[in-house]
Each structure stands twice: as structure tokens, then as C-alpha cells.
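Please work from the sequences and hints to get the whole structure.
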Amino acid sequence: MELTGAEILIRCLQEEQVEYVFGYPGGAVLFIYDALFQQDKVKHVLVRHEQAAVHAADGYARSSDRVGVALVTSGPGVTNAVTGIATAYMDSTPMVVISGQVPTGAIGEDAFQEVDAVGITRPCVKHNFLVKDVKDIAPTIKKAFYLARSGRPGPVLVDIPKDVSNHKTTFEYPASVAIRSYHPVGKGDSGQIRHAAQMLLEAKRPMIYAGGGVVLSDASAQLADLVRLLDFPCTNTLMGLGGFPASDRHFVGMLGMHGTYEANMAMQHCDVLLAVGARFDDRVIGNVEHFAEVPRRIIHIDIDPSSIAKRVKVDLPIVGDVKLVLDELLDVLRGSRQIPSVSDMSAWWKQVDEWRAAGGRMCYRNSSEIIKPQFVIEKLHEITGGEAFITTDVGQHQMWAAQYYKFDQPRHWVTSGGLGTMGFGLPAAMGVQMVNPGATVACVTGEGSIQMNIQELSTCKQFHLPIKIIALNNGYLGMVRQWQEFFHGNRYSETYMDALPDFVKLAEAYGHVGMRIEKPADVEAALKEAFARKDDLVFMDFRTDPTENVYPMVPGGKGLSQIILSEEL
Amino acid sequence: MRHIISLLMENEAGALSRVAGLFSARGYNIESLSVAPTEDPTLSRMTIVTSGSDAVIEQINKQLNKLVDVAALIDLSEGEHLERELMLVKVRAEGDAREELKRMADTFRGRIIDTADHTYTIELTGSCAELDSLLEKIGRELILETVRTGASGIGRGDRILKL
Chain S
1 MELTGAEILI RCLQEEQVEY VFGYPGGAVL FIYDALFQQD KVKHVLVRHE QAAVHAADGY
61 ARSSDRVGVA LVTSGPGVTN AVTGIATAYM DSTPMVVISG QVPTGAIGED AFQEVDAVGI
121 TRPCVKHNFL VKDVKDIAPT IKKAFYLARS GRPGPVLVDI PKDVSNHKTT FEYPASVAIR
181 SYHPVGKGDS GQIRHAAQML LEAKRPMIYA GGGVVLSDAS AQLADLVRLL DFPCTNTLMG
241 LGGFPASDRH FVGMLGMHGT YEANMAMQHC DVLLAVGARF DDRVIGNVEH FAEVPRRIIH
301 IDIDPSSIAK RVKVDLPIVG DVKLVLDELL DVLRGSRQIP SVSDMSAWWK QVDEWRAAGG
361 RMCYRNSSEI IKPQFVIEKL HEITGGEAFI TTDVGQHQMW AAQYYKFDQP RHWVTSGGLG
421 TMGFGLPAAM GVQMVNPGAT VACVTGEGSI QMNIQELSTC KQFHLPIKII ALNNGYLGMV
481 RQWQEFFHGN RYSETYMDAL PDFVKLAEAY GHVGMRIEKP ADVEAALKEA FARKDDLVFM
541 DFRTDPTENV YPMVPGGKGL SQIILSEEL
Chain W
1 MRHIISLLME NEAGALSRVA GLFSARGYNI ESLSVAPTED PTLSRMTIVT SGSDAVIEQI
61 NKQLNKLVDV AALIDLSEGE HLERELMLVK VRAEGDAREE LKRMADTFRG RIIDTADHTY
121 TIELTGSCAE LDSLLEKIGR ELILETVRTG ASGIGRGDRI LKL
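From first to last, the protein sequence lines stand for chains S and W.
Under our numbering, the residues of the first sequence are numbered 1 to 569, in order.
Under our numbering, the residues of the second sequence are numbered 1 to 163, in order.
Don't read these hints as lab results, they were simulated from the structure.
Any given hint could turn out to be false.
Below, in silico cross-link-like pairs of lysine to any residue (SDA-like), each with a Cα-Cα straight-line distance of 20 Å or less [unchecked claim]:
| id | chain 1 | residue 1 | chain 2 | residue 2 |
| --- | --- | --- | --- | --- |
| 1 | W | K66 | S | G151 |
| 2 | S | K187 | W | N65 |
| 3 | S | K310 | W | A25 |
| 4 | W | K62 | S | V312 |
| 5 | S | K313 | W | Q63 |
| 6 | W | K66 | S | G475 |
| 7 | S | K310 | W | S53 |
| 8 | S | K132 | S | T170 |
| 9 | W | K66 | S | V177 |
| 10 | S | K132 | W | N29 |
| 11 | S | K310 | W | N29 |
| 12 | W | K66 | S | S150 |
Printed below as a string of C-alpha cells:
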């Protein structure tokens, strides 16, 4: 029996066990939406803006081990999706985005709602396809899912012209897929891994620096085994949080621009550094020359060869899947009779603990008059037992959430690290809630970010998503304001948010519960009340200290040890 | 340092712009780029002449390899290789200069492939440096137009780039 391209597409999604598609209909995808309508295996989540569809698919994928799927129409549907796609690309989220395109005969004629989707997304996808023949739909979708989830994951866009989605052919989903020009790596080189083991055992001041690759590879258990076996200190990047349990004594906190003193100092002064699924980006190691001033040997495990030696010279590269490489490294270490020198390690831990104690000074100073944002996050952690899925937007609130919510499990922290996309948090939380029904999901945001995709409150209502929105409302675009205070002579250019809406009324207008919290004494009770409302979305508008800054801070362009601990210093 | 990178890629719409886009997006130099299908029409072979520090060249190689459409890649400048470029140059050829230009073309083992009352068109194949050298010899005042293909490269002997 022959099926239309649209029907074939939906059958492909069924074959890929896709449960939810996040999308928005339009002219070029009418046949696809018609095919969706006539089945019930693949469910559709109607967002209010295409950017949100992609972020929702992103949150869905990050908080599970599945591929997120978004469906948008041609032209503005695609351009609206680009921010979401770039966000997913920077953070390596496995995702398939299906876009409608004008009919093949109209391509290139500046047709209504025409945009060169493949061209416009090329720099921010792992790969993309324009399907010109209905016979190619099934093999292309098969390839798209394979590309999205294998190797270093990433978004793949499949652009389908309207006529192709209505042409007919027989449907057969390929059982296997092979792309002759694409060979993702699996295991690492055994010789290199043995060298790495030796280097680690000889280290006097070792450090393990683990990033989002650990989470993506589901290698948290292996990482924890490694850290505990060697008794080494371990830090996580922003993307890696939850990849190693924050409550473990080996954890020295997040590193980087707003990382802990101990993590940054240990990173700077270690003699052997094991980087696992991390990429030494500018927000992590700051000034490259300053970082290179201290000699240290670097072992770098990453699935993407182009991440190795991109910014920092590496002594021992190991290209491979983090989980498989760590498994093999653990085998080698367990089989070795050597253990790291106890006296060296105790001297190093003494130093790390001294930094830890020194870093203790940078805790925020709580107030009984005005709500400190850090206090809200601490209470959030306490009240949710550290078990919640936390999504964020971008700015100060994101850093405070990263610093004060102690993640013990992977895939519970969903944030836009690479692209830094404001407007990510709420739609991402929708995806998280869809794939983790019944779980506690909170979106930590600010009054600036939340307004970038506030329309999704409507989607949340339609799909009964009981997300808790924790808005740290300080009336300023806080992170920009902080930089203006530090580096631009207190000239707060366009960072004051005048004419804010009444968020309580706004939440109510969308059919949700709104709460305004203005006093520190009310924070805990309000959070308890909100989280007790299991079936409701609660928008919590916390009025926080507008002058609070994020510390510690490694100013842009400075080295890790040039860290500012607090206001007083 | 100058590098000559040769690669095999899927002969598909958009493959060329993936490579070109990569260079512009990441700020890498392209001195020349030449591309055409191979004996296997599903594959194109591209030769890219670029320059940069060792670290930049390493990144260029890695980033190119990362493109899904790129099937195989070799940095020809890392070993023995041959490099040829085709140039067509049209020159003003009048009076005594006609003889002189003919001699010059012969010296470079070029051929005059079109003659007109006032012009010659010289075809020359050689290394980029040889082509430069002929242009310099002729002098800008006589040159009417120049077309160059960009370098094509191939490894010597057993250095073979094949799937």
C-alpha cells in the first residue's frame, strides 16, 4: 500500500518510539499535521512560539536519554526555531527538527513563507537535509535520528517541501543505517588509556575536571567510581553539574567564572589534570595564557576530536565515548598494583581544604530585611530534597541556581550553557515535565528572561504541566547590571526593567496560581505551599535584592587565580 | 604556514557550502578552493589551500573531518605531493611584444591557445609559484585578464586518498 510522505514521516516517528512532538502548524506542514491527526501514537504538544517548541524538545532530551523532536512550518517557523536549534547545538542535545518547506517547484522563487532552511541552520546543526523525493523520507529520518544521538550528539534538521509530503510511495523503515562518511568513535585507544592511568597514579596534585560529556554519555557512575578509587578532587563545569554528586566530599564545586575558589585554585595549581567530556571554554578557564603559565600535564577524554587542543595544549588526548573510556581506565587502574602516593595525596588534600576554608568567606550575607536570591535557592534545595529537576534561564539567577542547588544526580540540571539563551527555562521545563510526569520540576528564572517566552504559560495550562516558576525578580537585567557596576563605572545602561507586569495577575490570567513574596521570613512557607500544590503551576515572584552580585567571579579575560571572592575584597 | 588539504566528500547539494561556511564561520583563510566530481560520481574531490599556525591547521583538519559529508581527508603538505594549477591569461600582444610573449610562453612551457589581432591567450599549468612567476614576467601593463583554477593536489606514489 502506498502512503503519502506525511504519513510516512509519522510512521517513521512511530518506529523511532517518539512519544511527543513539540510543534506549531502552518501552511507547509498541513499534510504532516493531517497525518498526525489521524493516529494517536505520536502525541503533539502545541506550543505558542516555535522557539519554545525547540527548547521543549531540548529539555525533553536532556532530562531523559531520548531524542527530542520538534516540528515547525516553513519561513518564520524555521527562523523562530533557529535560536532553539543553536542552543541545542552548543550544548550537544540529541534532537531532530522537522521543518516544512514550500513546494519544490516554488523553491528559489521567493515564495510565501519561503526561507532557505538548510542554509540558515547550517552553522548550528550537526547536519541537515532537504528531502526532494518522497522515497527519501524514511531513509533520511532514519539517518537523522542516528546522527542526532550517535557520537557527539546534536540537532539535525530535516526540511520537507509541501509537495513531497503529499506524494505517495510504499513505506519501509530501514532496519539499519550506515553513512560512509560518518564514523563516530566508541572505545578509546587502549595504549593511551594505559598511559593515562600511569600519569594519574604518578600525580602529586591531581584534579578531575568533568563536563557535560559525562552526562551525555551516561557515565556518572564510572566517574564517581574513578574519583573515589583515586581519592582525587573533582570539579564540574556548568554543563556537568549532577554528573558527579555535589554531596560527595571529593566534590570541590563548579569551576570557572562563577566557580568556587577551591575548584579554580585546584584547577590552576594541579600537576595532572584529567579533563572528561569538557572543552576548556572561555567561561571555564578564563585567560588561556594565564592558565598556561603554570605547568601541568593534561589528559583529555572527549568524543569530539575537535574539542581536543582547541584552546589548550593537551599532553595525552583520548578520543572516545566517555563512558567506554572510563570503563577501560577503571579496569586498568583496578588491575594495577599501584595506588596514588598517600603522603602526596594528603598534602594535596590539605591544600585543597585550605582553599575550601578560604573560599568559605565568600558565602553571601543573608538579610532579614530583603530577600537574598541565594537564600531562595538554598531553601528550594532544602524543600525539594535536592531531587527536583531544575531548568533555568540565563543570568545571575542561573549562576545562583548552579552554585546553591546541590545536584546529586545527572540530567536534573537543564540550562543553556553554551549559547546562553534567555527564554530557555520555561519551555525547557515543559519538555522535562512531559518526559518525567509526576516529578518535581522547577524553572529558576528572572523577570527579564521569563518574559522572553512567557506565552508558554498558555501551553502549560493546556497540557496540565505543574511547573514551579521561581522568578528571582530584582528589577534589573542583573548579570549585565553587575558587569556595568564592575567594568562600566556604574552606568546602568538599559538594564533597569521598568513597567514590569504584575506577575501574580499574569499567572492568574493564564489560569495558574501566582504568588508574590517580599520578605525573607515568608520564603520558606511560600515555597512549601507552592510545592504542596502538586497539580498546579505556581508562579512565584520573589522580590530580591537588586544590588546583589554573583560571587566569586573571575572577570572576563583574567586567570582562574585572579578570582574576586566578595564585595569586601 | 601554507597547507594544501585534499578531501573526498559526498557529491551532494550544499556540501560545498558546508566547507566554505566552516572556513568563514571560524575565521580560517582560504587561499584557493577547487572542487569537481571524481570517477565515482557520488564523490567530489576538493583541494583547499590555506594557511595558519600549526594549531589552526590542526583545528581546520578536525573541523573538516567533523562535517558529516566529508568522507576522507589528507593534509598533502605533510608529505610528498604534487600540486598543479591551470591558468588562462589574456595579454595585449602587439608589434614586437608578440614575439617576446611567444618566447615567454615557451620558456614556461605554456601554450598560446588563442590569437587575435591584438591579443594572445596563454594557457599554463604548473605550481602556483610558477604561475605567479609567469604573470610577473609578463607584467601588469600587458595583462588583460587572468583566470586561475586554484591548486589541485595529489600525493606522490603510495600516498592515495580513496574510500
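Outcome of the hint check:
About 10 Å separates the Cα atoms of K66 (chain W) and G151 (chain S), which keeps this hinted pair within 20 Å; it holds. With a CA separation close to 18 Å, the supplied pair K187 (chain S) and N65 (chain W) stays within the 20 Å bound. Restraint check for K310 (chain S) and A25 (chain W): satisfied, since their Cα atoms lie roughly 15 Å apart, inside the 20 Å limit. Our distance criterion of 20 Å between C-alpha atoms is met by K62 (chain W) and V312 (chain S), whose separation comes to about 15 Å.
For the hint pairing K313 (chain S) with Q63 (chain W), the CA-to-CA distance comes to about 17 Å; that is within 20 Å, so the pair holds. Our distance criterion of 20 Å between C-alpha atoms is broken by K66 (chain W) and G475 (chain S), whose separation comes to about 44 Å. Between K310 (chain S) and S53 (chain W), the direct Cα distance comes to roughly 12 Å. Compliance with the 20 Å bound is thereby established for this hinted pair. Note on K132 (chain S) and T170 (chain S): the hinted pairing holds, with a Cα-Cα distance of about 16 Å set against a maximum of 20 Å.
Pair hint K66 (chain W) plus V177 (chain S) holds up; C-alpha atoms about 18 Å apart against a cutoff of 20 Å. Between the alpha carbons of K132 (chain S) and N29 (chain W) the distance comes to roughly 33 Å, so the proposed pair goes past 20 Å and is violated. Under the criterion of a C-alpha separation no larger than 20 Å, the hint pairing K310 (chain S) with N29 (chain W) is consistent with the structure, at around 17 Å. Pair hint K66 (chain W) plus S150 (chain S) holds up; C-alpha atoms about 13 Å apart against a cutoff of 20 Å.
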